[in-house]
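Visitor: The whole structure should be built from the sequences, with the hints applied where relevant.
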Amino acid sequence: MSLSVAVISGPVGKTPEDITYSFVFDEAYRLAQKGIEVHIIRNRFEKDVERFNPSIDGSIIRERLGIEDKFVVFTLRHHEPKYGLEYLIRAAPMVLRERSDVAFVIGGDGSLRTYHERLAERLGIGKDMIFTGRIPRDEVPHYYAMSDIVVVPSLQEAFGLVVAEAMASGKPVIGTSVGGIPDQIIDGYNGFLVRPRDPSEIAEKISWLLKNPQDAKLMGLRGRKIVEEKFNINERIEKLVQLYIELLG
1 MSLSVAVISG
11 PVGKTPEDIT
21 YSFVFDEAYR
31 LAQKGIEVHI
41 IRNRFEKDVE
51 RFNPSIDGSI
61 IRERLGIEDK
71 FVVFTLRHHE
81 PKYGLEYLIR
91 AAPMVLRERS
101 DVAFVIGGDG
111 SLRTYHERLA
121 ERLGIGKDMI
131 FTGRIPRDEV
141 PHYYAMSDIV
151 VVPSLQEAFG
161 LVVAEAMASG
171 KPVIGTSVGG
181 IPDQIIDGYN
191 GFLVRPRDPS
201 EIAEKISWLL
211 KNPQDAKLMG
221 LRGRKIVEEK
231 FNINERIEKL
241 VQLYIELLG
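Read in order, the letters of the sequence shown are residues 1 to 249 in the numbering used here.
FYI, nobody ran anything at the bench for these hints, they're computed from the structure. Note that the structure is a prediction, hence the values are computed from the model and not measured. By construction, the Cβ of each residue, glycine as well, lies at the ideal position given by its N, Cα and C atoms. A portion of the hints provided could be inaccurate.
As the list claims (entries may be wrong) - Quick list of simulated restraints, FRET-style, between CB atoms:
hint	residue 1	residue 2	range
1	Arg197	Gly124	16 to 24 Å
2	Ile36	Asp109	40 to 48 Å
3	Ala32	Pro54	33 to 41 Å
4	Asp198	Gln33	33 to 41 Å
5	Met94	Gln242	45 to 53 Å
6	Leu218	Glu139	22 to 30 Å
7	Glu98	Arg195	40 to 48 Å
Guide: Laid out in structure tokens, this is it:
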């Protein structure tokens, strides 16, 4: 077989030292077994990581939503089946049975928004569940900033941009074990992984973080450190340039 080169781009990984999609790595291994030379150029979260950072003030958003004194659980997702918002909504009553000082904020719009709003009302948590609709792009970092916990309950996911944004904002993240999410969340280190379609497990992890605020803060700081160390677009560009030089040489 003549020499071939596959360039595969993926985001973050299982440990702070090895950041890449696990399923991308599996594909790279499969190609290598066929004698194909593989170079993995990792996706470095091509946004300025300073746009999402722990120093941003979220108090204006809290005041606007009337949740100044609440612990805030936030997610930013389209109201579509693949993002699993129903399971976060169903988890909320379990959390609220233990403590009433928690607000759930869901940012985004979509075909299931009315269904989700009605579900929250049926579950008796309408006053505790805030549906913001579409959030203006320039306000998104402030929504992360006002939150204490970010939940990503997806049933399908590629990179999981919300996870990366939450990590950059210094927040602990609870995410499902689908797509690229397990390659960003190191379970028990910068957040928790949960099974898809499992409101009870989502509620359990939210409650744990609320009961252990210092650990939650530490998880958020670890996530931020991963972003700072690994999501470096300049390094990615340098590797791409070097690879092209090798290919053309």
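Visitor: State, for the Cβ atoms of Arg197 and Gly124, whether the hinted interval 16 to 24 Å holds or is violated.
Guide: holds, 22 Å
Visitor: Using the Cβ atoms, figure out if Ala32 sits within 33 to 41 Å of Pro54.
Guide: holds, 39 Å
Visitor: Given the hint of 22 to 30 Å, check if Leu218 and Glu139 actually sit that far apart at their C-beta atoms.
Guide: Because 27 Å falls inside the window, the suggested range holds.
Visitor: I want to verify a distance hint. Is the separation of the beta carbons of Glu98 and Arg195 within 40 to 48 Å?
Guide: The hint (40 to 48 Å, Cβ to Cβ) is violated, given that Glu98 and Arg195 are roughly 21 Å apart.
Visitor: Does the Cβ pair Met94, Gln242 satisfy 45 to 53 Å?
Guide: This hint holds: roughly 51 Å between Cβ atoms.
Visitor: Assuming the hint says 40 to 48 Å, is it satisfied by the Cβ distance from Ile36 to Asp109 or not?
Guide: holds, 43 Å
Visitor: Is 33 to 41 Å right for how far apart the beta carbons of Asp198 and Gln33 are?
Guide: holds, 35 Å
Of the numbered hints listed earlier, the single one contradicted by the structure is hint 7.
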